[in-house]
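Turn these sequences into a full structure, and let the hints guide you.
Protein sequences, first through last, are from chains A and B.
Here numbering that gives the first Met the number 0 is used: the first residue of the first sequence is 0, the next is one more, and so on.
Here numbering that gives the first Met the number 0 is used: the first residue of the second sequence is 0, the next is one more, and so on.
Where hints are given, some of them may not hold.
Below 20 Å or equal to it, Euclidean Cα-Cα: the simulated PhoX-like pairs (lysine-lysine) are [what the hints assert, rightly or not]: (1) B:Lys58 x A:Lys107; (2) B:Lys18 x B:Lys107; (3) B:Lys31 x A:Lys58; (4) A:Lys58 x B:Lys107; (5) A:Lys58 x B:Lys18; (6) B:Lys58 x A:Lys18.
So these bits of chain B aren't anywhere near chain A, every CB distance computed over 12 Å [to be verified]: (7) Gln4; (8) Ala222; (9) Ser301; (10) Lys318.
Among the chain B residues that face chain A by a calculated CB cut under 7 Å, a handful are [as the list claims (entries may be wrong)]: (11) Val67; (12) Gly73; (13) Ile76; (14) Ile92; (15) Tyr253; (16) Thr277; (17) Leu280; (18) Leu281; (19) Tyr282.
Note that these hints are calculated values from the structure, not bench results.
Ideal Cβ positions, reconstructed from N, Cα and C, are used throughout, including at glycine.
The residues making up each chain are set out below.
There are 2 protein chains.
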Amino acid sequence: MNLKQLAKELNLSISAVSKALRDSHEISPATKALVLAKAKELNYQVNPFASSLRKQISKTIAVVIPEVVNDFFGPCINGIESIAQEKGYHVLIYLTHEDMQREIAITKLLQNGRADGVIVSMSETTNNTNHFEELKNLEVPLVFFDRVAELMDAPKVITDDYHSGKVATAHLLENGCKRIAFLSISNSLSISNKRMNGYLDAISENNLKRDNSLMLWFTNDYATNAGMIRNLLTKKNRPDGIFASVEHLAITAYEICAELGLNIPGDVKIICFSNLKTAGLLYPSMTTITQPAYEMGREAASILFKLVEKKGHHFLQEKTVIPSRLVIRNSTRVV
Amino acid sequence: MNLKQLAKELNLSISAVSKALRDSHEISPATKALVLAKAKELNYQVNPFASSLRKQISKTIAVVIPEVVNDFFGPCINGIESIAQEKGYHVLIYLTHEDMQREIAITKLLQNGRADGVIVSMSETTNNTNHFEELKNLEVPLVFFDRVAELMDAPKVITDDYHSGKVATAHLLENGCKRIAFLSISNSLSISNKRMNGYLDAISENNLKRDNSLMLWFTNDYATNAGMIRNLLTKKNRPDGIFASVEHLAITAYEICAELGLNIPGDVKIICFSNLKTAGLLYPSMTTITQPAYEMGREAASILFKLVEKKGHHFLQEKTVIPSRLVIRNSTRVV
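Below is the structure:
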């Protein structure tokens with residue numbers, strides 16, 4: 000299927016179809032919709048030459064992430080920008096706010112050649128990857144980082160979530176914890192499952208029994224989350240250790256401990272995945288699994304530019320793993 | 000000067016000039032450069048109708064800010080996005096990394112109709128506003144927030160930096176400080192000067208003498224900044240209070256106090272402009288001037304959409320002031 004055949008199918012001129020596909024203002028929205036629908040139906044691929052012409056113009060890459068009020072994605076962006084600047088490219092940032100529908104709308108925008116390549120960390124509500132497959136089919140170079148689409152043939156840059164989950168749990172066990180709660184945000188993201196599996200394997204390797212009442216999945220609503228943690232910490236058989244797979248749950252746990260008069264680390268020890276700049280200044284200072292955020296951003300961008308510059312497709316199935324570090328502070332101290 | 004005249008001057012077809020101005024891939028980079036240079040020379044204004052056609056397509060606003068590894072700009076973006084979503088617009092984020100040259104390059108990109116409107120918080124190295132004037136001359140709706148171009152006729156959304164600077168200093172004075180250091184990052188940004196003037200007026204209204212050795216301007220380099228604060232806190236006549244006009248300087252001061260064994264608030268009290276989520280969990284919890292970041296973002300976006308929707312130009316000279324709040328915690332406690 001080429002542009003000529005597509006135009007014939009649509010009974011339109013080649014020029015009109017081409018303009019419609021480029022989202023030209025000379026074409027009415029109704030006609031554009033018609034052309035796009037037919038192109039999709041007939042699985043029409045955008046001409047790679049046209050795409051390469053477009054490339055010369057935009058000199059822009061897009062980054063699609065859940066949020067920026069976050070100590071992880073900020074340094075990731077800085078890592079991405081450090082590479083983009085070397086290459087003379089601009090970086091556009093789009094936020095999904097953890098909403099799959101917004102993520103889909105953004106990938107539609109990016110189908111129009113606004114960017115020469117796209118770096119993605121998926122929203123926690125994303126439960127299929129059709130919208131990313133569509134981008135890929137349009138030959139838009141695509142790299143995932145951190146929250147990756149496990150089953151897609153696209154380069155992925157991740158940290159060692161399973162191993163780090165195990166290390167975090169083992170650290171609490173070594174320091175005397177017997178009942179460790181696992182706090183997480185989603186069971187559809189692969190990183191959450193990997194961290195959980197690390198937790199579960201550390202538990203079973205230490206001959207402890209899995210206790211499902213200690214595994215909690217949280218929402219995006221602060222008050223709901225605070226209530227769940229309050230319940231957890233006031234029940235008769237409360238945990239003596241908390242492993243939070245995301246930072247904000249650990250911060251909330253700190254607040255609830257202060258409210259309930261529970262001593263950290265005396266009554267409950269806390270560890271979490273976190274890139275919080277002030278982790279060392281908290282009371283008590285917080286033990287963290289610190290992710291290589293800046294390095295992950297740099298690596299994702301480096302791979303993307305190899306794709307943009309068409310230096311081979313052997314990256315497509317590549318998975319780059321950059322390890323996280325355990326940083327031991329006072330919140331897990333033996334007292 | 001209209002498109003026809005411009006085309007005649009260039010000895011090109013109207014269509015070619017129009018495509019060049021729209022950065023079409025059908026036009027060579029050399030021709031585009033020629034067209035843009037001539038358009039600028041003859042002060043050619045983009046046809047508002049063409050711009051409004053473009054608008055229908057892009058449904059995008061751009062936000063140009065210094066950085067995202069920051070507790071202030073994150074919530075600002077969320078405020079902006081909350082309004083943009085109501086309007087069905089996408090938000091693009093561009094980072095200047097406090098570099099005026101990057102800021103200029105970004106505004107050049109935005110001249111090509113990539114966005115229907117632009118919200119800006121200036122880089123700290125920006126010492127003129129020609130690049131913003133150019134955008135404005137192309138009738139791209141423009142709103143400033145927080146770090147605003149004081150002298151430009153464009154809507155501005157700010158907080159009460161002068162008043163808050165005075166409130167912060169007066170709070171330290173009331174709690175017994177006699178030698179208050181003022182830490183800031185730049186003396187070209189209007190917000191820095193306003194906070195400093197608030198500091199100076201509070202000092203003089205309390206019949207204390209201004210001491211220039213207590214007023215320090217910092218860099219973007221962490222090690223340099225830490226060295227400067229170490230010097231400040233080890234000198235014979237060290238300050239008994241610190242007012243940091245930006246958050247990261249207060250965090251560094253916390254770290255240096257820990258290193259030197261100085262007690263906060265016993266030896267030195269600390270207050271800063273900050274939206275740090277963990278301010279209340281630090282040791283000691285930190286007294287802050289908390290800016291209405293989310294609200295400032297919402298307000299800037301609301302005004303921008305009025306401009307985009309051409310609901311009058313009476314906003315152009317408007318300055319909206321949303322007050323900050325003093326949040327008293329332990330770092331300034333009387334001991």
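Going through the hints against the structure:
1. A hinted pair counts as satisfied when its Cα atoms are at most 20 Å apart, and B:Lys58 with A:Lys107 qualifies at roughly 13 Å.
2. Between B:Lys18 and B:Lys107 the alpha-carbon distance is near 17 Å, which keeps this suggested pair within the 20 Å criterion.
3. Proximity of B:Lys31 to A:Lys58 is assessed by CA-CA distance (about 16 Å); at most 20 Å being required, the pair is judged to hold.
4. As the CA atoms of A:Lys58 and B:Lys107 are separated by approximately 13 Å, the hinted pair is consistent with the 20 Å bound.
5. Only pairs whose Cα atoms come within 20 Å are accepted, and A:Lys58 paired with B:Lys18 is accepted, the gap being roughly 18 Å.
6. Of the supplied pair hints, the one linking B:Lys58 and A:Lys18 holds, its CA atoms being roughly 18 Å apart against a limit of 20 Å.
7. For B:Gln4, the shortest C-beta to C-beta distance to chain A comes to about 22 Å, beyond the 12 Å cut-off, and the non-interface label holds.
8. No beta-carbon of chain A is positioned within 12 Å of the beta-carbon of B:Ala222; the least distance is around 16 Å.
9. Interface exclusion of B:Ser301 from chain A stands, the closest Cβ pair being 19 Å apart, more than 12 Å.
10. The beta carbon of B:Lys318 sits about 26 Å from the closest Cβ of chain A, which is more than 12 Å, so the claim that it is off the interface holds.
11. Because the smallest distance between the Cβ of B:Val67 and any Cβ of chain A comes to about 5 Å, under 7 Å, the interface hint for this residue holds.
12. For B:Gly73, the interface hint holds, since its Cβ comes within 7 Å of a Cβ in chain A; the closest pair sits about 4 Å apart.
13. Because the closest C-beta pair between B:Ile76 and chain A is about 6 Å apart, less than 7 Å, the hint holds.
14. A hinted interface residue such as B:Ile92 counts as satisfied when its beta carbon comes closer than 7 Å to some beta carbon of chain A; here the least separation is about 4 Å, so the hint holds.
15. Interface hint status for B:Tyr253: upheld, as the beta-carbon distance to the closest one in chain A is roughly 5 Å, under 7 Å.
16. The restraint placing B:Thr277 at the interface with chain A holds, with a minimum CB-CB distance near 5 Å, inside the 7 Å limit.
17. A distance limit of 7 Å between C-beta atoms decides the matter here; for B:Leu280 the minimum to chain A is near 5 Å, and the interface restraint holds.
18. About 5 Å separates the beta-carbon of B:Leu281 from the nearest beta-carbon of chain A, less than 7 Å, and the hint is met.
19. Hint on B:Tyr282 holds. Least Cβ distance to chain A is approximately 4 Å, under the 7 Å limit.
The structure shown violates none of the earlier numbered hints.
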